[in-house]
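Colleague: Residues per chain, in single letters:
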Amino acid sequence: MVVENSILILSGTLGAVLAFVLSNKLNQGPVRASAMLSLVVAGFFYLFPKLLSPHLTQNIPLLFFGGTFIGMASSKIVSSYRFIGITGMVFSLFFLYASSYFEGYGGALGTAGCISFLVTFAVHKITRKRKIAYAKVYLRRYTPINYRKK
Amino acid sequence: MCFILKGQPPNRTVLKATITRILPFSLLAVVHALFISAIFMDRTTIHTVLCILFIILFFTILAHPKLPIFHRKALITDLSTAALVVLGAVLTYSIQLYWSPGPVLAAAMVGTIASFLPSINKKSRLLQLSPAAIYCGCFVGMSHKSIAADYVFIIVAGILSGLVLVMTRNVFQGVSGKLGSIAFGGVSLAAFVMYMLIEW
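Same order as they appear, the protein sequences are chains A and B.
Counting from 1 along the first sequence, just add 8 to a position and that's the residue number in the working numbering.
Position 53 of the second sequence, counting from 1, maps to 37 under the working numbering, and the rest follow consecutively.
The shape of chain A in the complex, shown without the other chains (with noise of 0.2 angstroms):
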């Protein structure tokens, strides 16, 4: 089971991370990221549905699929790998634990890659602000006078 969740998690980090490679690096936009990857994924399960165990084979290319809906953020917004790493992690993880209470509705998938979108970013500007004040604050006070800006 572990092992199992542990493929799930990585292939939605993997979906996410490539998407926005796709789309942002190589100019390919992010409908086109996402769609063609999902594609590529989603169609080698389809051809080979025995290669894995069911509940992969079943949740690989959901994860997959919803992983590259965090893949289609612009670099305006975010630019960082990492940040768009760890947002496909805490998507897989909020996937994997979520509830079924919205099991068949469209869109549940893409509603749940924002949230975890906007999870990780506020967390992202709160860190980073912190960061930039305590330094502000540090030079402030150990600067020498003769140092500072007149």
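Some clues are possibly wrong.
To be verified - Simulated coverage check for chain B against chain A, where a stretch passes if three residues somewhere in it have a Cβ under 8 angstroms from a Cβ of chain A:
#, stretch
1, 14 to 23
2, 130 to 144
3, 159 to 166
4, 169 to 183
Stated by the list, open to error - Some, not all, of what chain A presents toward chain B, calculated at C-beta under 8 angstroms:
#, residue
5, 43
6, 51
7, 52
8, 73
9, 106
10, 113
11, 115
12, 117
13, 122
14, 126
15, 131
Note that these hints are calculated values from the structure, not bench results.
Don't be surprised by glycine CBs; every beta carbon is placed ideally from N, CA and C.
Chain B: place on chain A using the hints.
Modeller: Below, chain B alone, put in the same frame as chain A:
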């Protein structure tokens, strides 16, 4: 409160956030709140999950005002994209219904074809907007047969999602999962409308 974004395209200007611009923002926030609260309802007995969900809710609320707001004109072109949402939804649903390759493959196929549409005419604004609209429709069409019983539901959900897409065109740009959130909002609204009609 003013949102600043580096390297913005020239046809979009960053504006001060007012009530009319915040409203579409709130619409998507409501969709997220609905999604999270549904999970709350289901898992209230498990304390750890509840704590994690509270943290998620807190950070989601915190992130919403930090996202940039744009201003884009040409409402008529945007309104016509609503029809493309319906097209994407119907196509994906049809593939699911008659071929049954699974929702992911159906949506990915339609999305891949839609992503090549802007290459037909690079000057057409409608074609430039079409991949996102059709892909949003794909998410609507991914709904399971137990939720979307027939084409009427898919068309209603597609129209509602299209309207939400037009309303929220100035917010959440470049944010992951925007199209999925819109589709989820549209499908939930359609389910609610259908339920009310049946009850009435």
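Colleague: Go through the numbered hints given earlier and state which of them the structure violates, listing their numbers in rising order.
Modeller: Result: hint 7 breaks, nothing else.
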